[in-house]
Amino acid sequence: MIRSEMKLVHWTSQSSRLLVIVMLLLLSTNSQRVDAADSIDAAIEAIRQVGTEGKGFEKALPAAEVLQDLPSEKLSMVLDGADGVNPIAENWFRGIVFGIAQQSGTPELKSLQDYVLDQQNNAIGRGIAMELITRENSSMGTTMLADLLNDPSLAIREMAVEQSIEKAAALADSKQEDSVAVYRETLKAARHPKQLSRIVESLGKLGETVTTADAFSLILNWKSIAPFDNEGGVGFEATYGPEQQFAKAGMVDLEQQHEGKNGAVSWQAVEGSDDEGLVDLADTYNKEKGAVAYLFAEFESSDDRAVQARLGCINANKVWVNGKEVMATEVYHSGSMLDQYVAPCDLRKGKNTILLKICQNEQEESWAQRWEFQFRLTDPTGKGLQSGQ
Amino acid sequence: MVRPARFVPFVVLKTGLCFDVRCVRVFSFIQTVKNFFTRSSSMNQFNLNVHHSKRRVMLPLLVIGCFLNQSSVGSAADSENWLGFRGDGTSASEIAPRSLDVGDQGNVAWKVTMPGKSVAGPIVIGDRVISTSSGGQEGEQLFVTAVSLSTGQKLWEQSFRSTGRPFCHPTSANAAPSPVSDGERVFAFFSSNDLICLSLEGDLIWYRGLGYDYPKAGNDIGMASSPIVADGAIIAQVEAQGDSFAIGIDAATGGNLWRMARPRQSNWSSPVVIDRPDDSVEVVLQSGRNIVAVDPKRGNVKWIIEEGADKIASGTPAGEFLLLPGSEMMALNIGESATTPEVVWRNSRLSPRNASPVLNGERFYSLKGSVLVAANVEDGEQVWQQRLSGLGSTWATPVVSQGRLYIFDQSGVGLIVEDQGDSAQTIAEVDLGEPVLASPALAQGKLIVRTNQTLYCFE
Numbered sequence: 001m002i003r004s005e006m007k008l009v010h011w012t013s014q015s016s017r018l019l020v021i022v023m024l025l026l027l028s029t030n031s032q033r034v035d036a037a038d039s040i041d042a043a044i045e046a047i048r049q050v051g052t053e054g055k056g057f058e059k060a061l062p063a064a065e066v067l068q069d070l071p072s073e074k075l076s077m078v079l080d081g082a083d084g085v086n087p088i089a090e091n092w093f094r095g096i097v098f099g100i101a102q103q104s105g106t107p108e109l110k111s112l113q114d115y116v117l118d119q120q121n122n123a124i125g126r127g128i129a130m131e132l133i134t135r136e137n138s139s140m141g142t143t144m145l146a147d148l149l150n151d152p153s154l155a156i157r158e159m160a161v162e163q164s165i166e167k168a169a170a171l172a173d174s175k176q177e178d179s180v181a182v183y184r185e186t187l188k189a190a191r192h193p194k195q196l197s198r199i200v201e202s203l204g205k206l207g208e209t210v211t212t213a214d215a216f217s218l219i220l221n222w223k224s225i226a227p228f229d230n231e232g233g234v235g236f237e238a239t240y241g242p243e244q245q246f247a248k249a250g251m252v253d254l255e256q257q258h259e260g261k262n263g264a265v266s267w268q269a270v271e272g273s274d275d276e277g278l279v280d281l282a283d284t285y286n287k288e289k290g291a292v293a294y295l296f297a298e299f300e301s302s303d304d305r306a307v308q309a310r311l312g313c314i315n316a317n318k319v320w321v322n323g324k325e326v327m328a329t330e331v332y333h334s335g336s337m338l339d340q341y342v343a344p345c346d347l348r349k350g351k352n353t354i355l356l357k358i359c360q361n362e363q364e365e366s367w368a369q370r371w372e373f374q375f376r377l378t379d380p381t382g383k384g385l386q387s388g389q
Numbered sequence: 001m002v003r004p005a006r007f008v009p010f011v012v013l014k015t016g017l018c019f020d021v022r023c024v025r026v027f028s029f030i031q032t033v034k035n036f037f038t039r040s041s042s043m044n045q046f047n048l049n050v051h052h053s054k055r056r057v058m059l060p061l062l063v064i065g066c067f068l069n070q071s072s073v074g075s076a077a078d079s080e081n082w083l084g085f086r087g088d089g090t091s092a093s094e095i096a097p098r099s100l101d102v103g104d105q106g107n108v109a110w111k112v113t114m115p116g117k118s119v120a121g122p123i124v125i126g127d128r129v130i131s132t133s134s135g136g137q138e139g140e141q142l143f144v145t146a147v148s149l150s151t152g153q154k155l156w157e158q159s160f161r162s163t164g165r166p167f168c169h170p171t172s173a174n175a176a177p178s179p180v181s182d183g184e185r186v187f188a189f190f191s192s193n194d195l196i197c198l199s200l201e202g203d204l205i206w207y208r209g210l211g212y213d214y215p216k217a218g219n220d221i222g223m224a225s226s227p228i229v230a231d232g233a234i235i236a237q238v239e240a241q242g243d244s245f246a247i248g249i250d251a252a253t254g255g256n257l258w259r260m261a262r263p264r265q266s267n268w269s270s271p272v273v274i275d276r277p278d279d280s281v282e283v284v285l286q287s288g289r290n291i292v293a294v295d296p297k298r299g300n301v302k303w304i305i306e307e308g309a310d311k312i313a314s315g316t317p318a319g320e321f322l323l324l325p326g327s328e329m330m331a332l333n334i335g336e337s338a339t340t341p342e343v344v345w346r347n348s349r350l351s352p353r354n355a356s357p358v359l360n361g362e363r364f365y366s367l368k369g370s371v372l373v374a375a376n377v378e379d380g381e382q383v384w385q386q387r388l389s390g391l392g393s394t395w396a397t398p399v400v401s402q403g404r405l406y407i408f409d410q411s412g413v414g415l416i417v418e419d420q421g422d423s424a425q426t427i428a429e430v431d432l433g434e435p436v437l438a439s440p441a442l443a444q445g446k447l448i449v450r451t452n453q454t455l456y457c458f459e
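Chains D and U supply the protein sequences, listed in that same order.
Under our numbering, think of the first position of the first sequence as 1, with each following residue one higher.
Under our numbering, think of the first position of the second sequence as 1, with each following residue one higher.
Pulled out of the complex, with its shape left as it was, chain U reads as follows:
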């Protein structure tokens, strides 16, 4: 796969230096050590003679083991993890299965029934697949489940009750925003604006109820904006007719770093992390009224474009460009620091319907219902357009690897569509028999698909 000139990293460390996801393990390792000491120190205030739990005994050994096994640190490829909605924001990964076959001789590595309903994409951190679900009468029960990527075994599951408004359209779920991770913690967000921080072992670190803190937040069709992590902050867009805001929350402590008012208008699009040539990091918040970039740690506005963008499909970083869907698809030039990006091109024929643009090197794809369009990132020229036979209404953002797109519709029909240069060809088809509204994950060569009630792993 040919990438654009500058690959946009996803994980941004507190130092302000940018690393790609290979560094997650290093970072995680350092944090594990740091947390151990912090934790021991902080526990002193409770003067507790704690029993010798499995974890207490194992952790020092684990830490020592990490030192002894340091040669493996940082060896993971960037296709190992899928840390949030659309992975690194592009929906692309290096390796993926070449077929979708649920038959006895097929390529389903495992499938697991989940504790509730979900339209949230799964994420992958090492061997852990994290998926959120909601259940109960109104979706007020919140679940965060970890499943082993290699075996499909359930590793742990946490359960909470929503403190905000759990209501949503029957086709959606309270578990709508995709969870996100910084490689050492899981941040699970829900339509009810409950935000849960867990360790990779499933321990509670902290819990926020943004719908409880700000009771008018939310809409009863359901929220769906997925949070992102940047510079030690979780950034969430909670935009509705009532309390409407974007918020930056300290990933370590759960406290507010900043909160800014947003247009009082329903908005389901997700924030996007972009980095600029001077290594500064910005988070782009789009809405039907404007496009705003903020500093992730402080929330101060870096630039504003007074033009509405899509309220469902989110922006996609593409090297020196940011592709922003709206009534017209437009490309912003983010290749110069400390400036308001200029619009490089616009093309109304490339606007997606619900799914976000998908990046494949110098080309991107836009899904308009069952019509797939390919275009050049550089100039916005359409390359081909193809109606995908057998594909119905689509919500899930496709994922892509080596020119093959993995596209699922609302009824559970999935296709692998191969970009053959000047046309596209469907090379595999599957019917999972359950709605798929969640964007899949690609990691370690595997495709993880979350249907309404089931988690599938194709290898």
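Extracted from the complex, chain D is given alone in its bound form:
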């Protein structure tokens, strides 16, 4: 190793003069370059093309270096570049923006503020700019967020909702009515399930009657049929009668019996709990293990629209809407929460049909006995939808 270091020292002595010359040439070359705006655009475009598994990285790597050398006055160009990009490219833009802020010093906050307040700017760029403002000047961020509770950018809305929750909590002891009013207003604006849950819980403590099921528009009324065989995990891929019917026609025959794991089985009504909207299949089917249950519901939509199916489920599951599979997850007893799985799907005007497949395995541990789910449909921002509205 010492010999290696000595060679390095020798090499560096000989090369230092050459290096200085080369570097000066490079700087000189740079200074002669023109048409900077086009070049920035090219670098931004390289970042926009970043995709999965390293796609586009070859061009994005040098582009990121170039962009992080920009002065903070050019931040808006970079923020504009984030318009409509995928989540990977969004993080490249985030890193670049914060890199610029680190290298060029504090950005000019007034221009960032203008950028955020102009809702014609893209949601991703506005969200990054808002985060930068709150980091650089928290009081300025607080003032701005007070007016952004219903902002179209989900990131900004989430920050505003958080601030509003804190405001309501601060009022809870001294001005209960005011606190309730702020919580109620915030409840309408909130989209994130964790924030919704906290508001519901806080309103409950203030004597208000709001359930999670209502706040989230969870679907409570289902028809269920079970148990079908899932011993050894065979049920997840198996297509039992209800699934075959639904895949073929987008509908099931609720009057028809099917051959289940322990004999003939029929459809029956099941309901989610009033408070959490949780449908407890373990209770309904006597803690059957190694079993599959199918759940069916209809949903009225006032028009054709893009929505999201949102499932919270600690068991392996599949979801179909109008005969089309929209999600499938073969994971058992590895955590569960509201909106755990989210998938886009389409509703058509009028009656829509939903089929769920909820699979219980054969684990014997006490923490592996739950067989349950919560389900809802939301608009693309996460606002819960009620059937018929």
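Everything labelled a hint here was simulated from the structure, so no lab data went into it.
Incorrect hints may appear among the rest.
[Said to hold, decoys possible] Cross-link-like lysine-lysine pairs, in silico, BS3-like; alpha carbons within 30 Å at most: (1) D:Lys289 <-> U:Lys311; (2) D:Lys287 <-> U:Lys302; (3) D:Lys59 <-> U:Lys297; (4) U:Lys216 <-> D:Lys287; (5) D:Lys261 <-> U:Lys216; (6) U:Lys216 <-> D:Lys59; (7) U:Lys297 <-> D:Lys383; (8) U:Lys216 <-> D:Lys248; (9) U:Lys216 <-> D:Lys289; (10) U:Lys302 <-> U:Lys216; (11) U:Lys302 <-> D:Lys74; (12) U:Lys216 <-> D:Lys223; (13) D:Lys55 <-> U:Lys216; (14) U:Lys154 <-> D:Lys324; (15) U:Lys216 <-> D:Lys194; (16) D:Lys55 <-> U:Lys297; (17) D:Lys110 <-> U:Lys311.
Start from chain D and add chain U according to the hints.
Frame of chain D, contents of chain U only:
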């Protein structure tokens, strides 16, 4: 501290030659020069008239300065850096503080409130302490923060949003895997399988979303396997019931070098780098089903042992042995090249609960909740066992220096336990008042402890 016959180096250069961490500075210096030219060249394609930023002006001067100041290159001791989970993989360092006192006259050099929650161990690269955090409603906000080791001043902070599943058990955090560094870059990994490569100055180099690339990757209790760097590749184990794989990623470009299917089973253990006498390097991947060694650059399998190992506690290189926890602690003989290592000994009484084995020369320690066991590396014979009074449930792997172990429990109680040969003695105790699930770092004689929300430096 007496080391085993062969010290296992941590940093392995592209040439295949092995250096200990003293060479990190040399390597970093060469790369800085190389990067400067590469960067200038690659920037040409954007034909950009870049303004004279601080960095652009300073970098040539810095490079020149490096040449002029070359006598200092390579002078750092191997206790200067702590480049990943458990440092060089053993959890050991040469020097450490002798007390843990948070009082006014105590030995807290500084403490810094961090932007979110973390159970990830900090790392140290020169004067930079790097710590990851997660915040937001579900831990979806990802932070990488650099703090000056000497002053506690925040140097820079980067912020991202997870592209994979951020969910985890309430006691854990999205910031669960420890970051790792090759001495010139920081690689920050999260439970959501987001992998971020930053320069030491905090600039983004590249960003991967493995949970976005492979959407079934992850589990909602939280992932925790810490990546390693070897032979220019970052190796991560992303093992769960859905998409389950190990992956090698080019440290320079962020591209996939290889990806191999792994058992579809939750696994939180971390890969381990071992080197063989012929200077070849292998990365050992353990799971509940088997133990596999792969070439870090190509991912081809070098050997397999069809026996399950622990899914939480990770293996520890110990000279000619690799200590592998499981239902039994076992020692593999890695002292012969190009062979499948043989099991030298097994001892079920030495299996740790959550923390990985800690190496102290010819002896190692296994933490079983609040019970600490010392044993010989050579033959697996237990030397002593001691219940540690005042210590509760433990997750963090302890660190060790000169026979003193630094052990923290889930409530934030920390102990210095001194190995006195045939018994152990607690010589210091502290209560940080916040959960500690992250393995601490030891560098430059300082102990860096990451609690849930705070970074402490004891000197």
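### 30 Å limit on alpha-carbon distance, applied to hinted pair U:Lys302 and U:Lys216
holds (28 Å)
### Message
Hinted pair, alpha-carbon criterion (30 Å max): D:Lys59, U:Lys297. Please report holds or violated.
### Response
Judged against 30 Å, a Cα distance of about 23 Å means the pair holds.
### Query
Would the pair U:Lys297 and D:Lys383 pass a check requiring their Cα atoms to be no farther apart than 30 Å?
Violated, at about 47 Å.
### Task
Please work out if U:Lys302 and D:Lys74 have their alpha carbons no farther apart than 30 Å.
violated (51 Å)
### Message
Can you confirm whether the C-alpha distance between U:Lys154 and D:Lys324 stays at or below 30 Å?
### Response
violated (51 Å)
### Message
Holds or violated: D:Lys55 and U:Lys216, Cα atoms, limit 30 Å.
### Response
Judged against 30 Å, a Cα distance of about 20 Å means the pair holds.
### Task
Would you mind confirming whether the straight-line C-alpha gap from U:Lys216 to D:Lys248 stays at or under 30 Å?
OK: U:Lys216 and D:Lys248 at ~27 Å, within 30 Å.
### Task
Take a quick look at whether U:Lys216 and D:Lys289 sit within 30 Å of each other, Cα to Cα.
holds (24 Å)
### Message
Next pair to validate is D:Lys287 with U:Lys302; report whether the Cα-Cα distance is within 30 Å.
### Response
violated (46 Å)
### Distance restraint between U:Lys216 and D:Lys194, which requires alpha-carbon spacing of 30 Å or less
With Cα atoms ~22 Å apart, U:Lys216 and D:Lys194 stay inside 30 Å; holds.
### Query
Is it true that the CA of U:Lys216 sits at most 30 Å from the CA of D:Lys59?
holds (28 Å)
### Query
Given the hint that D:Lys289 pairs with U:Lys311, does the C-alpha gap stay at or below 30 Å?
Distance ~26 Å between D:Lys289 and U:Lys311 Cα, so the pair holds.
In summary, the structure is inconsistent with hints 2, 7, 11, 14, 17 from the numbered list given earlier, while agreeing with the others.
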